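**Q** Generate the whole structure from the sequences, applying the supplied hints.
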Amino acid sequence: MPLYQSRRQYQESLRRRQKRRQARMRRLRALMGVRFWTRAAITIGIGICLVFWAKFAFVYDIPTNFQASGLSNLSAYVTLKPWWFGPPAFDLLQTETSNLQPYLSPDESLLQGLGRYSAVVTHPDFIWVMKR
Numbered sequence: 000m001p002l003y004q005s006r007r008q009y010q011e012s013l014r015r016r017q018k019r020r021q022a023r024m025r026r027l028r029a030l031m032g033v034r035f036w037t038r039a040a041i042t043i044g045i046g047i048c049l050v051f052w053a054k055f056a057f058v059y060d061i062p063t064n065f066q067a068s069g070l071s072n073l074s075a076y077v078t079l080k081p082w083w084f085g086p087p088a089f090d091l092l093q094t095e096t097s098n099l100q101p102y103l104s105p106d107e108s109l110l111q112g113l114g115r116y117s118a119v120v121t122h123p124d125f126i127w128v129m130k131r
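Just so you know, we're using numbering that gives the first Met the number 0 here: the sequence shown kicks off at 0 and counts up by one.
Hints were generated in silico from the structure; no laboratory data involved. There may be inaccurate statements among the hints.
Below, computed lysine to aspartate or glutamate pairings styled on DMTMM-like, alpha-carbon distance capped at 25 Å [stated by the list, open to error]:
id, residue 1, residue 2
1, Lys80, Glu107
2, Lys54, Glu11
3, Lys130, Asp90
4, Lys80, Asp60
5, Lys80, Asp106
6, Lys80, Asp90
7, Lys130, Asp106
8, Lys18, Asp60
9, Lys18, Glu107
10, Lys130, Glu107
11, Lys80, Asp124
So the derived label-pair ranges between C-beta atoms look like this [stated by the list, open to error]:
id, residue 1, residue 2, range
12, Ile45, Ala88, 13 to 21 Å
13, Arg28, Ala88, 39 to 47 Å
14, Leu2, Ile45, 56 to 64 Å
15, Ile41, Ser12, 40 to 48 Å
16, Phe84, Arg20, 19 to 27 Å
Source: prediction; values computed, not measured. We put the beta carbon where it would ideally sit given N, CA and C, even for glycine.
**A** Given below as structure tokens:
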């Protein structure tokens, strides 16, 4: 601890130290606030992604000749799934079609390829639609 020539110099030194400490504490509080809001935003983002995966489905690459539910003029849409936690995306052009039953129409074959998830095509609750 340095020796001070007067009480006034000592008081000024204390005041400077206190101001530096207050500035450090303000920076630390600001950093803690940024950390908190970053973590909160990430948590909210993960929650939104989880809810989307749980209850919404993105259906895309709809064949142009597909007639079920009037989807022939759409290229993609987001729908509400009638179940919780299933596949979040459906590519209708890549859906397996059954070659074992040649008497099925292409629409019926596609629905059979979707299996239990065919409700996203037969009874869609549209949330968002992208037209051709």
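**Q** Each hint needs a verdict: does it hold in this structure or not?
**A** These are the hints, each one checked on the structure:
no., hint, result
1, Lys80 - Glu107, "20 Å, holds"
2, Lys54 - Glu11, "64 Å, violated"
3, Lys130 - Asp90, "16 Å, holds"
4, Lys80 - Asp60, "18 Å, holds"
5, Lys80 - Asp106, "20 Å, holds"
6, Lys80 - Asp90, "15 Å, holds"
7, Lys130 - Asp106, "20 Å, holds"
8, Lys18 - Asp60, "63 Å, violated"
9, Lys18 - Glu107, "77 Å, violated"
10, Lys130 - Glu107, "23 Å, holds"
11, Lys80 - Asp124, "8 Å, holds"
12, Ile45 - Ala88: 13 to 21 Å, "18 Å, holds"
13, Arg28 - Ala88: 39 to 47 Å, "43 Å, holds"
14, Leu2 - Ile45: 56 to 64 Å, "58 Å, holds"
15, Ile41 - Ser12: 40 to 48 Å, "44 Å, holds"
16, Phe84 - Arg20: 19 to 27 Å, "52 Å, violated"
Checked against the numbered hints above, the structure violates hints 2, 8, 9 and 16; every other hint is satisfied.
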